[in-house]
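K.L.:
Dock chain B against chain A, hints included.
For the record, the sequence lines run as chains A and B. Residue numbers 0 to 194, in numbering that gives the first Met the number 0, belong to the letters of the first sequence in order. Residue numbers 0 to 263, in numbering that gives the first Met the number 0, belong to the letters of the second sequence in order.
The hints are simulated quantities; they were obtained by calculation from the structure and are not laboratory data. Keep in mind the model is a prediction, meaning the values are calculated, not measured. Keep in mind that the hints are not guaranteed to be accurate.
In the SDA-like style, the derived pairs of lysine to any residue whose C-alpha atoms are separated by at most 20 Å in a straight line are [to be verified]:
1. A/LYS85 with B/HIS70
2. B/LYS128 with B/LEU64
3. A/LYS85 with B/THR88
4. A/LYS85 with B/THR81
5. B/LYS128 with A/ALA20
6. A/LYS85 with B/GLU80
7. B/LYS180 with B/LEU217
8. A/LYS85 with B/PHE83
9. B/LYS180 with B/ILE165
10. B/LYS128 with A/GLY21
11. A/LYS85 with B/ASN82
12. A/LYS85 with B/VAL107
13. B/LYS56 with B/ASP8
14. A/LYS85 with B/GLY72
15. B/LYS56 with B/GLY105
16. A/LYS85 with B/ASN84
17. B/LYS56 with B/THR88
18. A/LYS11 with A/VAL114
19. B/LYS56 with B/PHE40
20. A/LYS85 with B/LEU109
21. A/LYS85 with B/ARG116
22. B/LYS128 with B/PHE210
23. B/LYS128 with A/GLU23
24. A/LYS85 with B/GLN89
25. B/LYS180 with B/PRO239
26. B/LYS128 with B/SER17
27. A/LYS5 with A/HIS53
28. A/LYS11 with A/SER110
29. B/LYS128 with A/ALA25
30. B/LYS128 with A/PRO22
31. A/LYS85 with B/PHE85
32. B/LYS128 with A/ALA19
33. A/LYS85 with A/ILE10
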Amino acid sequence: MAQLVKHKEVIKASYIRTPAAGPEPANTLVYLRCPVAGVDVFGTSPEYRAFDIHFKTDFRIDGYLQAQHEWYEASTQVSATAMFRKLNTTTDLEIQLSVESVEPFLDTDGSIGFVVRQSSAVDDEAILFGGGEVVVEATVSAYILCYEPRPELPPSGTQKTKWYRERLAVGERILPRIKKAMSPSRKKSGLDNRC
Amino acid sequence: MAIILRAPDESQVASASSIEVLMGEPAQRLIICSGIAIPNFWTNHDEEPSSTEVIVKLGIHVAQLERATSHTGLAAIENDETNFNFAVTQGTVSVDESGELQLSVGLVILGEETLIRRFGYQVVAHVRKVSARISGTIAVPRDILDLATLPAHEIAPLFHVTANRIELIPAAPGQMFSSEKIIPVVTGMTGQVRPGPHHCFVDYWIDSCPFNLPLRVLVNLQGRLRQGDVGVGQVAGPNPVTLTTAQPDASGVDFSVGRFHVVR
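So here's chain A without its partners, still in its complex pose (with noise of 0.2 Å):
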């Protein structure tokens, strides 16, 4: 049974983004890379001991919105493996390390997140002063696939383009003067076969 580690920090990660032609919905495609949050838990016990280690990272999906989790967990796809980035023993130890799954998930700020199970099993045969230690770094390799509103698209609710309307407020109405021009004392006097 593993143990869950929840870290309430953000990691840092590392990412960009490009743009998708789908499938539909999705438009954008994010490589990110991060580290795994540790636990300081490695000891010298031969027994197997596994932990669910679950963090977010700083990476959120542009435009998300809380309402629409369900539809945004729906159609967000992501590929993500693990791997060691570091190993490290103080002495020569018998040891089982492993980074055994990684599962991400989409939190309900929008952010991206994993769990990692890591486990280990380390001792080293000493009768009375043991203490070897180690350490294991890990990190995240993920693409995710989502939809994100682009960028030339202005915020909900605005537009950049105004409304025509708008325009002639502020310019010369030439209505009156067209109006003028049609009357039937000028038509008479012929100046509506002006140019």
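P.N.:
Chain B only, in chain A's frame:
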């Protein structure tokens, strides 16, 4: 001898996942596959390194692999208090004879009771998917004809599989009913036979079907299956099938062979 692992099997690859991204051109895709492979490669020698090749079958079939890159790294190791060496080579991505994407990775280990239990991988590939394919299976009861006992070269001539265009011919003057004209467009192929307890299942596929055209798949029985009281009908999948650039393949268009019951 290579260790072969299948991504869809959780006991062989943990956290296996894939994403298929459209690139703008209908047939082209960016495929991303990730997972943690579980080769459990073992040695018990701390002087002589052991090496093996691991092939991860990624479970995605493509028509053509244009280019690919892969990233691999250690994910689970074990050593019994000796000197050790753990190495995972960068993988190579290829397509096997069935069109399935696969990742080949070299592992090298040294040490007593030493294992590479797992390694993480990520594959990014530009591919072309099979364009416009309809596929399914044909179930044949073993009591009508036991296909499992036939050699492979006798199976294909038993079935004539076609995708057909349908033209509605309006009723002629004086007649009540309109009729359909079936025009064959593409001919399909049959594959291997999978025997079950009561039925044998024959895979079929029809490649290069036209887009945006309703197609009716028909299976005609030939040879030893062409018996007076034996017929075949579609039992699953859409009818007609319309393929589009967004949905270029349709699977599960299944047929079943049966015997007609005498009407008394």
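K.L.:
If a hint holds in the structure, say so; if it doesn't, say that too.
P.N.:
Evaluated hints:
no. : hint                   : in the structure
1   : A/LYS85 with B/HIS70   : holds, 16 Å
2   : B/LYS128 with B/LEU64  : holds, 9 Å
3   : A/LYS85 with B/THR88   : holds, 17 Å
4   : A/LYS85 with B/THR81   : holds, 19 Å
5   : B/LYS128 with A/ALA20  : holds, 16 Å
6   : A/LYS85 with B/GLU80   : holds, 18 Å
7   : B/LYS180 with B/LEU217 : holds, 13 Å
8   : A/LYS85 with B/PHE83   : holds, 15 Å
9   : B/LYS180 with B/ILE165 : holds, 6 Å
10  : B/LYS128 with A/GLY21  : holds, 15 Å
11  : A/LYS85 with B/ASN82   : holds, 17 Å
12  : A/LYS85 with B/VAL107  : holds, 18 Å
13  : B/LYS56 with B/ASP8    : holds, 10 Å
14  : A/LYS85 with B/GLY72   : holds, 11 Å
15  : B/LYS56 with B/GLY105  : holds, 15 Å
16  : A/LYS85 with B/ASN84   : holds, 14 Å
17  : B/LYS56 with B/THR88   : holds, 17 Å
18  : A/LYS11 with A/VAL114  : holds, 15 Å
19  : B/LYS56 with B/PHE40   : holds, 17 Å
20  : A/LYS85 with B/LEU109  : holds, 19 Å
21  : A/LYS85 with B/ARG116  : holds, 17 Å
22  : B/LYS128 with B/PHE210 : holds, 14 Å
23  : B/LYS128 with A/GLU23  : holds, 18 Å
24  : A/LYS85 with B/GLN89   : holds, 18 Å
25  : B/LYS180 with B/PRO239 : holds, 14 Å
26  : B/LYS128 with B/SER17  : holds, 15 Å
27  : A/LYS5 with A/HIS53    : holds, 5 Å
28  : A/LYS11 with A/SER110  : holds, 12 Å
29  : B/LYS128 with A/ALA25  : holds, 19 Å
30  : B/LYS128 with A/PRO22  : holds, 14 Å
31  : A/LYS85 with B/PHE85   : holds, 13 Å
32  : B/LYS128 with A/ALA19  : holds, 17 Å
33  : A/LYS85 with A/ILE10   : holds, 18 Å
Hint compliance for this structure: no hint is broken.
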